[in-house]
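Position chains P and V relative to chain U; hints supplied.
Protein chains in written order, with the numbering used here: chain U, 1 to 266; chain P, 1 to 201; chain V, 1 to 738.
Among the hints, a few may not be true.
Each computed DSS-like pair below joins lysine-lysine, with the alpha-carbon atoms no more than 25 Å apart [said to hold, decoys possible]:
#1 117/P - 108/U
#2 113/P - 46/V
#3 232/V - 11/U
#4 11/U - 239/V
#5 239/V - 186/U
#6 232/V - 186/U
#7 59/P - 175/P
#8 705/V - 668/V
Hints were generated in silico from the structure; no laboratory data involved.
Just so you know, these numbers come straight off a predicted model, no measurement behind them.
The lines below spell out each chain.
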Amino acid sequence: MQYGMIIDIDKCVGCHACTIACKAEWEVPAEFGRNWVYRLGPANTSAGMSYTYYPGLCNHCDEPPCVDVCPADTVNMTMKDAKTGKTVTMEVAATWKDPFNGTVQIDKERCIGCGACRDACPYGARYINEDLADDESDGKADKCTYCMPRVAEGLAPSCVQTCLAGARIFGDLDDPESEVSQYVKKGAVALTSPAVQIGSNGRYYSSKKADMELLMQSAPQEMPEASLRRIMLAKMSQPALKQIKELGLIGLAGGLFVKSLKQDKE
Amino acid sequence: MHSTESQAPKLETELSTEASLLSEIYGFLALAMRYPDSSFLDGQFLDAYEALLQSLEWKEEYADMQKWRSQTGDFLNDLQIEYTQLFINASPGTTIPPYASVYMDGDRSIQGKTTEKIKDFYRSCGYEVTSSTEPPDHIQHELEFLAALAGENRREEETLFLHSLFRPWFIRFLKHSIQEARHPFYRVSIQLIDFFTKEEQ
Amino acid sequence: MAIHLSRRNFLKTASIAAASVPLSKVVAKAETGVAKAPLVPPGSFKDTDTVVGGVCEMCFWRCQLVGKVRDGRLVKIEGNPKSIDNGASICARGNAGVKLLYDPDRLKYPMKNVGKRGAPKWQRITWDEALDTCATKLKNVIDEHGPESLAIFPHGASASYPFHFFEHTVGTPNVSEASFFQCRGIRDMAYMATIEQPPGENVDMPNTKVIFLLGGHFGENVHVSHLKRYLKGLENGAKLVVVDPRFSASAAKADIWVPIRPGTDTAMLLAIMNYLIQNDKYAADFVDEYGEGFEEFAEGIKEWTLEKAAAECDIPVAQIKEVADLLAANMPNVAIHPGRHVSWYGNDFQRQRALACLTGVLGAFGVKGAFVPPKGPKGLKKVSWPHGDHDPDLLSDYADNSHDFSPPGTPTDLIRDAAITGKPYPIKGCVIWGQNPIQTIPNQEKTIKMLEQMDFVMCTDVMPTDITMYADILLPECSYLERYDYIKTGTQWNFADEHQQYIAPRMPLVDPEFERKDGIWITNELAKRMGYGEFIPTKDQVEMVNTRLAGVGLSIDKIRAEDGIHIQPGKDPYGISEDMTVIFYNEDLEDAGYPPIPTYIPVERAPQGYMRLLYGRSPVHTFNRTQNNAWLMAAMDSTPVWLNDKVASKLGFKEGDTVSLENQDGVKSRTTATVKVTPGIREDAVYIYHGFGSINPELTIGHNKGIDDTSLITKLAVDPETGCHGMRNNFVKLVKVS
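This is chain U alone, in the form it adopts within the complex (with noise of 0.2 Å):
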C-alpha cells in the first residue's frame, strides 16, 4: 500500500486551518509548520485571472532525497504491516520509508540533527525542530508522518480531520478503488517539474486551468544541489558506505554539516 493525500483545490477555501491542526496536534513550533498554506494570486493566467492556494506537505515520495542522505548510523529495524502483521527487516538510518505503506519517517531518537534531510527536500517539507535539542544535538528533524499514530487508531489525519471544506482526501494510491486513486484518474497531479520527479504521493485537483497553472508554477524547479551529491553518495553500494564510515570520512562529512547548520542560524 501506498498512502498519498489529495488536496482538491476547487474546493479549498485557504482557511488555513489543516496547518494550525497540525501545529496543535504535535506542538509544532510556532514558527515552522509540517504543513503549510501559501496564498497565490490574484494573478493573470494564459487560462484568465486566478485566486488560488498552495496547500503543502511532505509528499512520502517514492524515492525521497531526505532518506538516503541521513548520516546517522544505522540500525536493524523490524517493520510490521499493520494489516497482515507481516514482518520485515531493514537497515535503516533515522529516517526511512515504510515498506508497508509508503509513509517517510522519522526516529527522533537516533536524529542527530544535522539537517542534511532537511536541505535534501526540494519541497522545503522538513525542518530542524529546536525544541527538541538534546545532549547530542541542536534539536531534531521533522516533518509530516501522515499521522501515522492516530491511522493506527483509527482516525483520519489532524489536518483532514479539520478541513471544513472536505478539500483534503488521504488514502491508499495502490487500491484502485480508493476515492485517492479516483482522483488520479480523475487528473489529479503531483507538483512536479522536469528536474524533481521523485514520485511525490501528495497530489492536487482542479478543474480550473488558471487554477492549476498557477499552482504548478510552485512546483520546485531544481533538485537541491546538496541532495545531488548526497544521492551520489547513496548510489554506492552498503558495504562500500560502512567501510567508509569507517575511515571516518562519514564523521568529517557529519562535522560540515553541523557547520552548516550554524551558518544558516546566523
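Coordinates of chains P and V only, in the frame set by chain U:
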C-alpha cells in the same frame, strides 16, 4: 587529630547542614519571586535580604538596596508595581513572564509541554503544586520545589532538575530580565537565583 | 557584580539570618523515581480526556467543540463530532484557541492603573479592592450626573449580562455595541423595515441555483457551517455571482465577477430590479400576494436603466444584464445573501433595503435555495436583569438626526459627541466589556478624547488590547474555554438532510487559571457593591445556564451526558408564513423623513492621487481579537497592501515595497506594510486586512504588526437611518519607506 572514623560522619553533617541552608535560601528566593504582599514582605524580610547580600559580600547590590529603601515612601507599593510591570503585564516595555514553558516551547506559551514535564518531575519526586493561582512552572514554584529537594538532601534529583528543567529556561529569562529589570530588588533577586542555581565549575 | 564566593563555599561558611521559609504551597507525597520524558509529543489522542461542551468564540459563529485535555492542560481543540453544524471541523482560529488560553500576555489579575490613561502603569490588586473601586466610582458618577452619564461598550457573549445590568437596572440607554453600530446593525434594521425580521445569513445556499454575494468574501471570511453551505451549493452546481471591487476568495470561485466601483452597489441593484420589472422577468405572483407598495416602488426606480447604472458603477451594461437574466432564469431558487458586516459607505441602509427588495422581486422567500430561516429550538428561558423604573433620557431626542431606525442602544457618535461637549448632558463613566473601541470605532482621536474626559473607566477583557490602556481598573475575564454562558442553538446545516435541531450550552473545557473570573460573578459582585443586590437575577453562571435550559426540560448535566449537544427532531423550514410581507414602499420611513423606497445616494469618489481604502477579513484572524495569537500570527502577521498592477507601474511601486499609508486628512499609518501588486483590485482602491497594527506594547506578538486600518478612517460617515458608521469613505496614498 582527625580519625577516619569521625571524619565521615562529620562530612555528612556538614553536607546536610549545607543542604538545609541551601533549602532555606531557595525558599527565601521563592518568596522574593512571589507577588509581594504584607503577609511576608515586611521590614524583617528586607533586613534578611540585606543580610544575605552582606554575607555574600555583594557590596554594590547591597548599596543599591539600601539606597532604594532609604528613598522609598512605601516599599510594598513600589515592589507591587514593579512586580506587575515585570512579570504580569508591562506597559510600556515588555514583560518577562517567569514561566519555564514560555522560554522552552518555541511559541511562548503558558502550560506548554515543558510545564507538563515539570509537573511530572515534581510528581516523580513526590510533590505537587496545590492551591496556587500560578502554573507549576512559575519560577516561585520551581524554587520551592528545589527548596524541598534540598531540605531532604536529595542532591541527585536537585542537580538533575536544575540541569534539565531549570537552568535551560532560566538562562534565557535572565538575559531578558537584565534588560528589563530596573528595580534593584528584582534585578538582584534574579542574580541571586542565578548564583545559587549555577553549576559549580 | 563582584562574586567573591562560590555557592559551595558560601554554603559551607555562611551563617546568615535568612528567614526560615514555610513551604506551604508544596505538599510532600510519596517518593518515586524520576523518569525520562519522551522526545516526541504523544499526540492529542494519547492519555487525554475528551471534554465535551465547548462552544467556540474565536469568532461569533460559535462552532461546537471538544477539548483534548491531558492532566488539566488543554492540548488541542477539535470540532465536536456530534455537531450537526460544524461537525468535527473547525477553522484556523478555532484550532488556535489553545494559544489564546495559554497566552502569557493574557490578563491574569485585577489591576489598577497608577500611571495615565493611554500610558498605563499597572499594579496588581485584589478583587475586593478592584470591585470596591469600580462600584464607588461608578456610583459617584450616577449620583452626580444620573445613570445616563454611563457609556457602555460591550462585545461578545459574556458582555450581555453586565450590559443588561447597566442598561435595564441601572438605567443608561447609552450602550454602543460594535456588532450593531460598526457591523451588521444596518442589515438587521433594513431587513426589519422590509421583511419585518432580521435576516441573519439565512439563505439556503446548498440547494440554490444562484448565490449572489455583495462584498461577501467567503474563504477570507470564515464561518464553518456557513462555508459548508456555500461549498455544498457550488458542488451542487449553483452559479456564483460576486460583486466586489476586489478579486476576492469568492470572486476566484465565481462564474461572474462584477468589479464594481466602490459605493455604487445600490445603483446596480436598482437597475437589476428595474430591468426585471420592465421586462416582466420578476415574480409577479409573489409580489402580488406579499408585496406592499410595489407600484410606487416600481415607478420610483424607473430612472435606473442598465446604462445609467453601468456608468455609475463603472461596469459593462452587458454584465449587469447577464446577472439580472441569470437571477430571473433561476428565480425563485436564488440566494440573495444579506451580507454580515455592512457598515461601508454611510448609504448602507438603502443598499440593504435594496437587497431585501431584490429578494422579494425574485420571490426568493421560503422555497428551496432562497431566503429560508432555519426553524431552531424554542423555549429556552430568559434570564436577565429587571428594568428599573427610571425613564431614560435619550441622546437621540436632542439630535438633529434622531436615527429613527437605529439598532438597539445609542448610536456611537451621539455618545462620543455628548461626552466630548458635555451636551445635552455629560457622560462621565465608561464600562468597556470585551469591545476594543480603538479598533472598532472610526476616528480614534475622538474616542480618546471621550475617554480622557471620563471620571472613571473600567475595562473587562481576556487580553490586553488598545482600549485596555485607557482603563483605570482592568479586570481579567475567563475566556470562552473556561466559562459557562452562551447557549448555541440551530439546525442541521443542510436543509436537504434530515431535519434536526440542536442545543449546545457553552461549558468550560478547563478550569480558569490565575484570578480570572466569569462575567456573571464579576457583574453580581459589582451590582451588590453598587446597591443593586436585590435585583440580581441569577446566583452564578451554572445556575443561569441551568435555568435557561430548564425551559426545555434540559440541564447542564443532561447535555454533558449527551456529549455536550442535545439533538432533537426538527421542522421543515420551507414555506412562507401567511403574514409574510415585503415592504417595497415603507411609509414609516417616509414619515421619519427618509426615502420610502430604496434609493441610491452617491458617495464621494477618490480625490486625485488617492485611492479608496477598503478593508476586509484575514482568514486566520477575527478583527483585532486574534492579534497576539502565536500560531495565527505565524500564519499571517501583516497587511499586504493590495495595489492594482497598472497603478503600481504608473506610480513606480513593486511587489514587496515597504510603504506607509497616508489618508486625505494627512493622517499617516503608525506602521508599515509591503505592497502586493495584483490585477485583482480596481485602480481606484487599495485593500488591507482589518484589525492589525495594535498600539499596546503588552501584546508581545501583535504590537505594531501590519497597518491599523481604523487609524486611517478619520473622516466619519454616519448612515442617516441607523446612526451606524460607514467605514469605507476614506482615501489613502502610498508612501514609500526606504
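Cross-check of the supplied hints:
1. Between residue 117/P and residue 108/U, the direct Cα distance comes to roughly 18 Å. Compliance with the 25 Å bound is thereby established for this hinted pair.
2. Distance hint between residue 113/P and residue 46/V is fulfilled; the C-alpha atoms sit about 14 Å from each other, no more than 25 Å.
3. Distance check on the hinted pair: residue 232/V and residue 11/U sit about 9 Å apart at the alpha-carbon level, within 25 Å; holds.
4. The hinted pair formed by residue 11/U and residue 239/V meets the criterion: a straight-line CA distance of about 15 Å does not exceed 25 Å.
5. A hinted pair counts as satisfied when its Cα atoms are at most 25 Å apart, and residue 239/V with residue 186/U qualifies at roughly 23 Å.
6. Using a Cα cut-off of 25 Å, the hinted pair residue 232/V and residue 186/U holds, with the two alpha carbons roughly 20 Å apart.
7. Proximity of residue 59/P to residue 175/P is assessed by CA-CA distance (about 22 Å); at most 25 Å being required, the pair is judged to hold.
8. Distance hint between residue 705/V and residue 668/V is fulfilled; the C-alpha atoms sit about 15 Å from each other, no more than 25 Å.
Consistency with the previously given hints is maintained throughout, with no hint failing.
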